[in-house]
Amino acid sequence: MTIYVNGRELDEHGLAGKSEARRRAGLYPEGLLRLLARSARDELSDSRCAMVEEVQELNLALYESGANLEPPPDLTREGERKGRLESFLRRLQTRFIRAVCEGYVQQQQLFNSYFSKGLILCFLQVYGREEEMPLEGEEMLASRAFLNPPWGRDTEEEVAEACAGVDCLVLGIPSVDFLETLRERANLVLALDASEEAVARAQARMLPAWCGTRLSDLLELAGRGAEVCLVARPEVLCARELEEVLGWAAARLPEKGRVLVARGPSKAHGVVEREGWARPHSSAFLAAVLEKHGFEVGELRLGSVDFLEGLKRGGEGDPSSLPGSAGGEEG
Amino acid sequence: MVIHQLVARLDPGDAISNQALSMHELFRSWGFESRLYAFDMDDYGKRFAEFDTEYRRFMHRKEDLLIYHFGIYCDNHRYFLESENRKVLIYHNITPPEFYDPFYPEAVRLCRMGRELMPRLKDCDLALGDSDYNRRELVEAGFPEEKTGVLPINPPLDKLDGVEEDRSFLRRLGDGKTNLLFVGRVVPNKRVEDVIKLFACYHYGVNARSRLVIAGMPLATYQTALLSFTERLGLLDAVHFLGKVSDSTLKACYLGAHYYLSMSEHEGFCVPLLEAFHFGVPVLAFAAGAVPETMGGAGALFEEKDYPLLAELLGRLDRDRLMRERIVSAQYRRLEEFRPQVFAARLREVIDRFASPGAAGAATTRDSGERSA
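Chain order of the listed sequences is A and B.
To convert, note that position 64 of the first sequence is 64 in the working numbering; the numbers rise steadily by one, no gaps.
To convert, note that position 159 of the second sequence is 159 in the working numbering; the numbers rise steadily by one, no gaps.
Careful: at least some of the hints might be erroneous.
Label-pair distances were calculated between CB atoms; the ranges are [unchecked claim]: (1) A:Ala16 <-> B:Pro102: 34 to 42 Å; (2) B:Arg326 <-> A:Gly17: 33 to 41 Å; (3) B:Arg321 <-> A:Arg313: 53 to 61 Å; (4) A:Glu197 <-> B:Val163: 30 to 38 Å; (5) A:Gly225 <-> B:Tyr332: 44 to 52 Å; (6) B:Lys244 <-> A:Pro150: 40 to 48 Å; (7) B:Glu337 <-> A:Arg38: 19 to 27 Å; (8) B:Arg167 <-> A:Gly225: 44 to 52 Å; (9) A:Arg38 <-> B:Asp40: 50 to 58 Å; (10) A:Asn187 <-> B:Tyr44: 58 to 66 Å; (11) A:Asn187 <-> B:Ala287: 35 to 43 Å; (12) B:Arg321 <-> A:Glu197: 49 to 57 Å.
Hints are computed from structural coordinates only; laboratory data are not their basis.
In this text, a Cβ means the ideal position worked out from N, Cα and C, and glycines have one as well.
Isolated chain A (complex conformation) (with noise of 0.2 Å):
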């Protein structure tokens, strides 16, 4: 491939070497490769019928729950203030919902389609992102409360040792020095986390971290499976995220493969549900998860960081309720 730069042909020997190395850390996986080489033709396609069974799916499940869809005349519920957001996104919600039903989808499905993915996007960048951003005063030492310490170099070498020698998956970075201890000794298929800064000191190694805060859909997107799911801080995953993350390792680990998630200090109470933020879950919560998806829970202590260690038994468990957790609630 010919790069040119300000008109002159650029040596772009370095640059392939790089992207070559950081294919060959697990950077640029399968699933990553696989998707570069799709259209948005195919997309189309698939996301128009993704959509309208969406729709539908949302209908039956409003119809079945007594929803009454007609507006209110003023869009506005008893004691509710006119013009209000929440009236206009019912409005819309209902609209769009006829609209479907009613035959347009063959017209208009397009539309529809663009515009609730688009309203929900727009909705989501711009309240969502502001909500998230100011945290201050007691909320962010509530958040940064519930942060498990930093592992100390024993906990590191330790874990490493434990992983020696096969694939794993690391959920939460613990720290830089760790992915490369782990690069060394294990596998490092790759590592995922919410935090930016973290992921991107990781790049700067050349180590194969990705950042998401849908760390099931990017395991998904990596399509790598792994012998040993290493859930390092739990406490960045809100319970729904835990759930998904577990039900993909139960899917994903072959048999005999395990989980291990670290123990944080433990606190019961102080719950912060907001996603993204760091949040305690009970070992009581982690090993019912563990439990509920198959695996045969056992603890083990690393360095000075307790773990609960899944090792998978063949078949799913029996999705049961769990104990309540700081976001149990939510899974």
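Guided by the hints, dock chain B onto chain A, whose structure is given.
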């Protein structure tokens, strides 16, 4: 002599509209009576233009000049065909219809009809492309080469300089992340999915502290596909679709951007490249259509889309400040060739051929050196 300009649609932010408006202002400043007509327009357009039916009463005035901006099929081409004015066609290029299939059947139809119409418009005094790439398409469509020339776009940079940037948005962009930017209509020929792919490699492989900002009027179906694709890539938190933005937000986008990306596979000119040049944003662009010509040897240009390699190039630019500065300097130099004074001189040269007595029908650009490289 009255100068009439005819466009399909006049609305803010559109390159053809901007070009017609800037010519309209110049004509008036030179003392000509200038009139602007559109088949369709919004409230903004109504401040400057009349509906094209108003042109009908001037059609038989042989001393007038009609300039037709041609960028899509529009029924008002009939005025151009039937007019007895002296006639200049400015060809802004028509996107090959296959790009719009299956996203927008109506655009497929209009683009196909527009391309089929081209040869029928050749009976004019002068046909100008706003790039040599466009001029060559005119020749391929059967326009006599000696009656073709190039009149580059006059990018509306003064307009952006004149507005205050959206400070709150700029603050959000200035949070320490590396901002990649795409500006333009979100339509299939721009290959915005390829911009997202490059960003995915950069974000996952090179720099997690990064975001992609996409600013421009979306084609609904195409954007649906892009949203779905972005979600599939796990990048919904990192890719921002702004839609059509105000000038102040657009300015904030450029001021906050670290790189401008173009993966477009068909461009007749590509004004955002020059806007990025103007704001000192290094441009990385796929060499397609008129893009290499517009960039004129400045910025980074590539002929294949090897996303991991291009992500590495971005990473190199992150580290190599000197290379960045060299690119930006070259872009500023290139921009000199698009100064308003240069455009005004070229336009004046064209108009003088028609304004001077006895010049009707004799205007060519070959001997006047009008055609630019």
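Against the structure, the hints:
1. A:Ala16 <-> B:Pro102: 34 to 42 Å: About 36 Å separates the Cβ atoms of Ala16 of chain A and Pro102 of chain B, which means 34 to 42 Å holds.
2. B:Arg326 <-> A:Gly17: 33 to 41 Å: violated, 22 Å
3. B:Arg321 <-> A:Arg313: 53 to 61 Å: holds, 56 Å
4. A:Glu197 <-> B:Val163: 30 to 38 Å: Holds, since Glu197 of chain A and Val163 of chain B (Cβ atoms, about 34 Å apart) stay within the stated range.
5. A:Gly225 <-> B:Tyr332: 44 to 52 Å: Once the Cβ atoms are compared, 51 Å apart, the range 44 to 52 Å for Tyr332 of chain B and Gly225 of chain A holds.
6. B:Lys244 <-> A:Pro150: 40 to 48 Å: holds, 46 Å
7. B:Glu337 <-> A:Arg38: 19 to 27 Å: violated, 39 Å
8. B:Arg167 <-> A:Gly225: 44 to 52 Å: holds, 48 Å
9. A:Arg38 <-> B:Asp40: 50 to 58 Å: violated, 36 Å
10. A:Asn187 <-> B:Tyr44: 58 to 66 Å: Since Asn187 of chain A and Tyr44 of chain B have Cβ atoms about 60 Å apart, the given range 58 to 66 Å holds.
11. A:Asn187 <-> B:Ala287: 35 to 43 Å: For Asn187 of chain A and Ala287 of chain B the Cβ distance comes to about 40 Å; the hint holds.
12. B:Arg321 <-> A:Glu197: 49 to 57 Å: For Glu197 of chain A against Arg321 of chain B, whose Cβ atoms are near 22 Å apart, the range 49 to 57 Å is violated.
Against the hints set out earlier in the document, violations occur for numbers 2, 7, 9 and 12.
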